[in-house]
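Student: The lines below spell out each chain.
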Amino acid sequence: MQRIVGEGEEETAVGRIIQVKGPVVAADRMRGAKIREIVRVGEEELIGEIVRIRGDVAVIQVYEPTSGMRVGEPVKRTGEPLSAELGPGLLGLVLDGLGRPLKRIAEEAGGPFITRGIEVPTLPRDKVWHFVPKASQGDALTPGDVIGTVMEGAIEHKIMVPPGSAGGRAEYVAPEGDYTVEEVVATLSGPGGREDLKMHHRWPVRIPRPFKEKLDPSELLVTGQRVIDTFFPAVKGGAVAIPGGFGTGKTVTLHQVSKWADADVVVYVGCGERGNEMTDLLHTFPKLVDPKTGRPLMERSVLIANTSNMPVPAREASIFIGVTYAEYFRDMGLHVVLTADSTSRWAEALRELSSRLEEIPSERGFPAYLPDFIASFYERAGRVRVLGSNRDEVGSVAIIGAVSPSGGDFNEPVTQHTMRYVGAFWALDKDLAFKRHFPAINWLRSFSKYLEGLRNWWLSETGQDMMEYRDKAMALLQRASSLEEVARVVGEAALSDENRLVLLAAELIKEGFLVQNAYHEVDTFCPPRKQALMLKVFTEFYDRLRPLVDAGVPMSAIQGMKSLGALRRLKFVPPEEFDSALDEAVSRLEAEASSLMAEVRA
Amino acid sequence: MSQIYGLTYRGIKAVKGPLVVMRSVPEASYDEVVRVYSEDGREWLGQVLEVTSDSTVIQILGDTEGLDVSSLVKFTGEPLRLPVSMEILGRVFNGSGVPIDGGPPVRAEERRDINGAPINPTMRDYPDEFVETGISAIDGMLSLVRGQKLPIFSESGLPHNHVATQIARQAIVPGKEERFAIVFAAIGLKHDEVLFFRREFEKFGALSRSVLFLNLANDPVIERITTPRVALTAAEYLAFDQGMDVLVILTDMTNYCEALRELSAAREEVPSRKGYPGYMYSDLASIYERAGRIKGRPGSITMMPILTMPGGDLTHPIPDLTGYITEGQIFLDFDLNNRGIYPPINVLPSLSRLMKDGIGRGKTREDHKEVADQMYSAYKEGTRARELVQIIGEAGLSERERTYLEFAKRFETEFVAQGYKERRPIEETLNIAWRIISLLPETELTRISDRTLEKYHPRRKPPTGGE
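Protein sequence lines correspond, in order, to chains A and B. All residue numbers for the first sequence refer to our numbering, where the first residue is 1 and numbers rise by one. All residue numbers for the second sequence refer to our numbering, where the first residue is 1001 and numbers rise by one.
For reference, chain B alone in the conformation it holds in the complex:
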């Protein structure tokens, strides 16, 4: 099926890491896909990086071992494309979109440029549908909306994979029938991690509605560049052509950025911060910005990139540039994890930018925003009291500070902490929040209006069922 017409040339002058320099060829066009054949019949996929009147520079996807100057280069005349149709559901592909599950090739409805095209900002639909993940820390404090891109900022050793699968398993839009799919891109992941995701998807019966793109740790580094792009091409097809609500998990974006740096170094480009290329922001944007909703079309792409911050450093270029593009972040915390709190979400540096339009009357509950604001500032106050304890001891605290200390503890153990299999409806999340808020004297509740207090404060209203 890969029978693509094109001319074949000899004339490779140099091979340098993943880059091949060959003589100038009239047919060569910038960004097109080439196939390189060695005399012993091996084949590589590559992409044209630069064309000039005396040379053509090609970047090989994959390992260049065995490639030599006598190899032949065939120009296909088109950029890297992914064949798409509904047949991709339930299938497993490598990072360039070739099936690796032993199944037949996909009968393509269309073959799409994996780079996509920017969505016209006037054609976007603003994401404002609340997604209930059943995780209190997220639903209550960092609400996710459909069409949002909300990354998980994590570190090696933290349970980000569990958080991601729990979200994939539990997420629903309350009161809405949906056609949902998962597109999963493993970028430089270890084999056991991939196995974990597959097993979990299988357990909750999502495998037939998933498309997996796998670039494992021992797969070619260069293919990490194409993995998220082919995955998003598949997601765009499912969302905007087939009207499905697609959750895209990209993990681990740190590996992606490392690959970008490696490639940039091989091209001898001028590096920017920490050796990452100066165009990393634009490059990441070309991936993250493919999330969203489109006017007049039913589907959506909700994106959850996972990245492990090198050294837990939030100011490292990878989380830093990501944070500037994505609509918030879910921050996992080593300290919470060490204290046995799952999910170890530290809400203080976390944020959901689209929360304001996805919550409130008719969406979650009218008191949601005020409750979240109050919890947030009280928890902040509590963590400050905790720092103070380390300096002056608990005995030195004022009454007020002691109350906040208790608040912070119960916030973590009762509100944030929950089971991997536990699914809390938003109503329950908000009720737990009120239970903890009522620890504080009413004069401290400056973020909550009298009307809301009257209606929802447990001490003011008769307790209703359950609690």
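Bound conformation, chain A alone:
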């Protein structure tokens, strides 16, 4: 191809700093540089990204502190946008917002503090993987096709032709054996020439990885959290937001979902959150045992830790890095859950950078392109038919993003824009948190658009018509909520007995079903079948006791029934003892009810 070069427009590989202002640096002599290209800034070669170009001046946001930087220092171009390194070895890593393993950073820095200018690759270079070829010499391979596999813990890690490849006929496929990620495992020859493929490749984090088609999500993402699975379910490939002011239990809920969700791979992005909390996660995650495989959960997780005191631009990048990892595992035909805590910190990072670039602010100082950014993140969730000429596999990425609205006010821009792009919304409520009602998901303000497709799922998985119980329970809770309003004014004693029975039934659902203790050995995870049977009994409670009220049994007698305690405590019963405990609780309830009935008749 012919290149047209104008006067004084020769490309240069090294520019020169002309301005330093916090994390924003400007450099001239940068002709040919591209937006979003990664550059190495200053003598210390700090990582930076080009965010604006005018003439031969490029404005760069630097991912590390710029103290000590001077005008005139060099800026080196790399020609590549911010990319994630993908390949075997990713699982089990704890990375910073730029994909650098934090353990390696500690080794390089020689201490507990993160110093700057450290360069370490994401994937271990010395580790060997046992490669089993799946393609043969002479096969025509296109992006997504599987060349071979390696076992990474319990996960079969597929080595695929990367999406950026031109494809071609396999001239060489490595025989079964042990290789490092740097060794060539296949050579393709195609229209674009010869191409050596290694076990790892790089992918620009801001560009979604391609797939064949997007499918309708219809499979429940089981989290074992009753209020979520039953009332506001998430699905594999779904997008969920969980907004809540501080102290409403956002992080605990996210941790629970990450721990228990029935996904193959979990990517957790700690974005601008507390260091100690991150440490808690780093301590507990490796100790968790996967209920399905009996192996450590960490073996199928990737954790990204960008705490609030780490550089702001890296915080903005961390979310995209995380979602790129998630898509990579999706492309292997796996189900992935990505949890991000918190997307508000990410949006604020965006605001901070925008204000440093002196862009005109929109709502509450956020840049006008905030909604586009939020959409571009949540739109990367989905259940898809994966790439590859010989593959008919489905993979998914579910995104669960925490939102930390300032002042707990859901009308702020991040919450509002997020609501538009998600399929489920778990609204955390300060009042519930005050009552130590956890998870503090408000059943009147939350929603899930995924309910529709799930009736059949519940029927086939548990044999119960869960959606019917759900509707009944919701109606009861709604009625109770308006009765509580009345009671707040006139006192509970002034309500009719029938109304007080509604309150009692609702209270049973709240205490016995909605409240779930994340730290209780049994209660922390509730399997779907147990959820369905529990809710069935609780929703039948009102119908069972209504005749007593009608017959004139005083409410105080009903409230004093001993069997209520057994019902409330059903959640603490281990699944294997559950059926007998349930039968016993129900027969005790019925026995007590009939004796009360007999008393009032006598």
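Bear in mind the hints are in silico, worked out from the structure with no lab data behind them. The reader is advised that the hints may include incorrect statements.
Among the chain A residues that face chain B by a calculated CB cut under 8 Å, a handful are [said to hold, decoys possible]:
#: 1; residue: R274
#: 2; residue: M278
#: 3; residue: D280
#: 4; residue: L282
#: 5; residue: H283
#: 6; residue: T307
#: 7; residue: G407
#: 8; residue: F434
#: 9; residue: R436
C-beta atoms are modelled at their ideal positions from N, C-alpha and C, and glycine is treated no differently.
Fit chain B to the known structure of chain A by using the hints.
Tutor: Okay, now just chain B, sitting in the frame of chain A:
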């Protein structure tokens, strides 16, 4: 001792509030410290905010009165540093780390960048050692652990200084010998408040184990930005180099944020909520996140920032952003204070996020969590009954509501309220809790397991000594 090499330049073009704009200088590097000298021999400390190919913007620490375009600027080539060694104990410094107690300069073991560096999250040790403060409301309901950052959300006129000094005086980790120190940063405080802290530290003999950094209300506003940073640099040295358990008190963070806003306005930055800069969250995080413990090192930094909420508004950006970074908050309440309850801690909006791992068997007592949960929800119920009384009068309450009303009253007067000098061991705190819980019928005790009831409920077990 401040003999630092560097080149001196003339060429100031403009002075605007705390900002000085001068011509471009090849040596100037971002964030370095400069010294500015006027012709009549006065000296200022400043920091480079921006370097470009035609100008250098400097922020002066202190008042710029008397500074003019003929002043000289000397570049030191390094960021603001604090000299550290064990000699800092017992000393008093200003907000830039210069001794103001008339003593000699500190013989430095090392001079450290006051901005510190982020702790690698994989190198942190998770805080899980219970700190007994001897204050029932805190120990029982909002347990503090070593390495936690737990702010006091207060308002002007509330006794937050007393609460902070009582904690500083009484806090121990049960069963552990310790080397402890207090680092105190006064940010824009009134003189009498500083005097109060000094006197109290002296009274309980902690002055020799304290380091004081004072930026008083009439000291330069800009120095409020550096005060917490120099204090934390000292704390990091004592904790992570010398293995001491350091309690850092930062007061008043509201003044810090005001200074940040003032500076941001002077820089003509685009403001965010209520005029505070958009980077306030990251800025506060760079202070608060310096608390913690580090793997393989004995010391710890436990941080207690105090902030007075403007207008008592919890959703104001200062408490709001703080709450998102810190591990909970202790909320002081005007209403409780007016009713003569000291410490006026309202446990309902208060929280300690690290409590769950610092309490229970082997740490405090096995029933602790259940007791705290039950007390919390019952108190919540009681305050609701109290609201109801205002609408329908006490006569309109049900029996159950009346019980909760009584619970709330005794919770406040017997559990929360205690003397400034009173130190209650955790055992005593939990026993008082049980005494109040036993007001409620057992069917209401839904947060407590049968096993715990059997073992600890006063009506079930024979009372043991004291009570």
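Student: For each hint, tell me whether it holds in the structure or not.
Tutor: Here is what the structure says about each hint:
1. R274: Holds - the Cβ of R274 (chain A) comes within 8 Å of chain B, reaching about 6 Å at its closest.
2. M278: Interface hint status for M278 (chain A): holds (4 Å vs cutoff 8 Å).
3. D280: 5 Å, holds
4. L282: This hint holds: L282 (chain A) lies near chain B, its Cβ roughly 6 Å from the closest one there, short of 8 Å.
5. H283: This interface hint holds because 5 Å falls under the 8 Å limit.
6. T307: Constraint on T307 (chain A) satisfied, holds at 6 Å.
7. G407: 3 Å, holds
8. F434: Since the shortest Cβ distance to chain B is 5 Å, the answer is holds.
9. R436: 5 Å, holds
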